[in-house]
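The opening residue of the sequence shown carries number 1 in UniProt numbering; numbering runs sequentially from there.
Keep in mind the hints are simulated off the structure, nothing from the lab.
Restraint ranges, calculated between C-beta atoms of paired labels, are given here: (1) A110 <-> L161: 37 to 45 Å; (2) E147 <-> G28: 29 to 37 Å; (3) G163 <-> Q112: 39 to 47 Å; (4) E94 <-> E58: 23 to 31 Å; (5) T105 <-> E81: 27 to 35 Å; (6) L162 <-> S108: 29 to 37 Å; (7) A115 <-> T93: 25 to 33 Å; (8) E56 <-> R98: 24 to 32 Å.
Every residue, glycine too, gets a C-beta built ideally from N, C-alpha and C.
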Amino acid sequence: FTLCSTPFQATCHHMMWSRTQRDKPFSGYYAKTSRPCPSFCIQPMEAAPGVATIGELELLDLMQDPDAVVVDARTLDWHLEGTIPGSVPIPYTEVSMRLDELGCTGESGAWQCGADVPVVALYCNGMWCGQSPTAIRAMVREGYPAEKLRYYRGGMQAWTLLGFPTVEGMM
1 FTLCSTPFQA TCHHMMWSRT QRDKPFSGYY AKTSRPCPSF CIQPMEAAPG VATIGELELL
61 DLMQDPDAVV VDARTLDWHL EGTIPGSVPI PYTEVSMRLD ELGCTGESGA WQCGADVPVV
121 ALYCNGMWCG QSPTAIRAMV REGYPAEKLR YYRGGMQAWT LLGFPTVEGM M
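Kindly produce the complete structure, drawing on both the sequences and the hints.
So, in structure tokens, the structure goes:
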């Protein structure tokens with residue numbers, strides 16, 4: 001199946017969905033079980049009032065919706081290391097200046113985000129990463145409707161631990 005078809009996604013990823021089954025222990029950055037807090041504190045289930053938190057099955061369903069957008073809210077260096085297929089890189093540090101890419105009109109500080117904006121799911125590195133919750137709060141503050149936002153709290157950590165495919169990020 002093809003992961004693309006929204007005007008917001010610049011690339012398409014044609015693939016069969018399958019999980020990578022591993023007989024060996026998972027290793028690497030996302031297998032790490034301890035991180036210093038601050039700044040890597042476990043994030044709450046609710047990123048902002050009115051924003052639904054979703055899991056992998058809901059994200060997979062959303063990825064098949066041609067009107068929805070999946071946003072990689074991590075900084076570009078993280079995105080380039082690997083990302084969820086079909087996601088759009090909009091770093092949390094830039095999201096409040098780039099809402100036009102998500103259907104809003106106007107400019108930073110004066111966005112108009114109507115009822116016709118797409119459903120947007122945001123993710124970052126995982127439940128200990130604050131990048132996507134920060135982006136979500138910025139979007140709501142700038143006027144993006146909370147009911148149109150989804151928070152994939154598991155992020156890249158859960159995605160890779162479950163063996164779902166990743167692709168090399170692009171600028």
